[in-house]
Structure formats: C-alpha cells, structure tokens
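> With the hints as constraints, model all of the structure from the sequences given.
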Amino acid sequence: MDALLPIVNSISWLFLATGSIFLLIGGIGLLRLPDFYARTHAAGVIDTLGTGLILIGLMMQEEIGLNTFKLVLIGFFLFFTSPTSSYAVAHAAWVAGQKPWTNSNGNTKDAKEDVES
Amino acid sequence: MIRALALGAALALLWLGLSGHYTPLILSFGILSVVFVVVIALRMDILDQEGMPLQLGARFVLYWVWLGIEIVKSNLHAARIILSPSMPINPQIVRFKSTQHTDLGQVIYANSITLTPGTTTIEIEDGHILVHALTDQTADLDAAAVMDKRVTELERAKEAG
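So the sequence lines, in the order shown, correspond to chains A and B.
In terms of our numbering, the first sequence is residues 8 to 124.
In terms of our numbering, the second sequence is residues 5 to 165.
Read the hints as simulated data drawn from the structure, not as lab findings.
A few chain A positions that, by computed beta-carbon distances, are all more than 12 Å from chain B:
id, residue
1, 17
2, 18
3, 24
4, 65
Some chain A residues judged to face chain B by a derived CB distance under 10 Å, without partners named:
id, residue
5, 35
6, 57
7, 79
8, 107
Just so it is clear, the structure is predicted and the values come from calculations on it, not from any experiment.
The C-beta atom is built at its ideal place from N, Cα and C for all residues, glycine as well.
Written out as structure tokens, the structure reads:
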C-alpha cells in the first residue's frame with residue numbers, strides 16, 4: 008500500500024491539474040463566447056469535466072472512508088442539479104425573449120469583434 | 005412499499021455516511037429522522053415512479069457510463085472550440101425529436117443534452133426538445149437520435165420488468 012502511495016498521489020494530481028485546466032478553459036469560454044446561450048456551453052465544461060476531474064482527484068487524496076463517500080455525494084448531486092439549474096436559466100432567457108446570437112444576425116456590440124479577432 | 009423501504013435504506017446510508025458519530029444516542033436520532041422522513045414521504049404520496057425511480061434498475065448505471073463517455077467527448081470538442089483563436093462557432097437552435105413517454109424520461113433526456121457541453125436544452129415540448137447548439141457538429145440530429153433511443157430504452161426497462 009505504501010509503495011503505491013506516490014503513484015496514487017501522482018495520478019491524483021494529474022486529475023486535479025487537468026480539472027483545473029478545464030475550469031480555466033470554461034472561464035475563458037465565458038469571456039470569449041458571444042452571447043448568453045453560447046456561454047451556457049462554457050459553464051457546462053466547468054460543471055461536468057472541471058468539477059468531475061477535481062472530485063476524482065480529491066478522492067485519491069484521501070483514504071477510502073467517509074470523506075470518499077461525501078465526495079461521491081457531491082458529484083452525485085451536482086450531476087442532477089447542474090443541468091436542472093442550467094435549464095432553468097436558459098429556459099427563463101428563452102421565455103423572456105432573449106434572441107440567440109448567430110453568425111448572420113448577431114452583429115451587435117463586441118460579440119462579433121471577439122469572433123473575428 | 006418497496007419504494008418506502010428503498011427510500012429508508014437510501015436515507016439511512018446517507019445519514020451513516022454523513023454523520024461519522026456512531027454512539028447509541030446519535031444513532032437513535034438518526035433512525036428517528038429516517039423514519040420521520042419516510043412517513044412524511046408516504047403521507048405526501050410522492051413515492052411514485054418519479055420520486056423513487058426504482059424501475060430504472062441497473063440499466064441506469066450502464067446509461068451513466070455511456071453518458072460519461074459522451075460528456076468527456078463533447079467537453080474536448082467544446083474546449084477545442086473555445087481555445088481556437090478563430091473560435092469557429094455557429095450557434096443555432098435545433099429541434100431534437102424526443103420519443104419518451106413519461107415526464108421522467110423526458111427529464112433524463114433533456115438533462116443529458118444539457119450535461120454534454122455544446123448543447124443546452126432551452127424548451128421541452130411534446131415530442132420535441134428545443135436545443136441551443138454551439139456548432140454544426142453538436143447540432144447533429146443523428147447523434148441526438150442515438151441518445152434519444154438510449155433514454156427511451158432506459159425508460160422502457162420498467163415495462164419489461
């Protein structure tokens with residue numbers, strides 16, 4: 008077990024680092040994408056792979072026990088609540104009449120410059 | 005009744021996992037609260053196919069594994085789009101067909117669509133789901149049909165057993 012520890016630790020940090028990279032990509036996406044609907048996709052990257060990988064990495068930091076169970080629970084609940092809340096927000100925007108940005112119509116404000124630059 | 009027992013078991017597991025204090029006094033508080041919640045759930049009559057979807061059975065786990073792989077794939081696609089300097093997006097609203105018969109099935113399908121980055125459910129209609137897709141690739145109707153079929157099969161599991 009002790010011999011395996013450095014290996015487990017390395018894999019754990021690999022997961023944590025990859026998860027952090029995906030969080031960063033999600034953040035960049037939130038800034039770069041042109042409109043609200045497109046930004047929900049960047050939030051999706053953060054919600055799924057970002058948090059998922061970090062949770063897996065954290066599980067490996069601990070010996071199997073109550074904390075593992077709690078981390079699994081966090082993942083489990085995020086798995087159900089994050090798409091539900093995404094839908095609530097996206098649906099609210101849709102019902103309120105927010106028009107999606109498209110390549111042809113969305114030539115307002117900074118959005119287009121972001122795409123072209 | 006099976007659903008009530010299952011809820012009790014799930015709550016007991018949750019309590020044991022979160023507590024960490026296993027003295028007789030605290031344990032009896034735990035048992036009391038589990039029984040209390042199950043009784044309330046029974047009185048509210050929410051232990052049906054939606055509140056306690058036992059009928060999905062083990063197939064649910066298989067579906068999750070498949071969905072997990074899909075999520076990773078679409079994450080990589082979305083990440084590549086976001087990081088690409090030209091950001092080749094083509095946002096569009098598409099209408100995915102949904103063949104589920106129950107509300108639960110539709111929710112599973114709609115949530116699965118949202119969970120895969122690149123597609124977000126914005127409206128659920130009878131037989132259709134309106135989806136905002138980030139690129140042409142994510143707006144693929146064939147890929148959506150595959151997921152739709154899987155969710156419908158998952159939902160059907162209860163009729164078979």
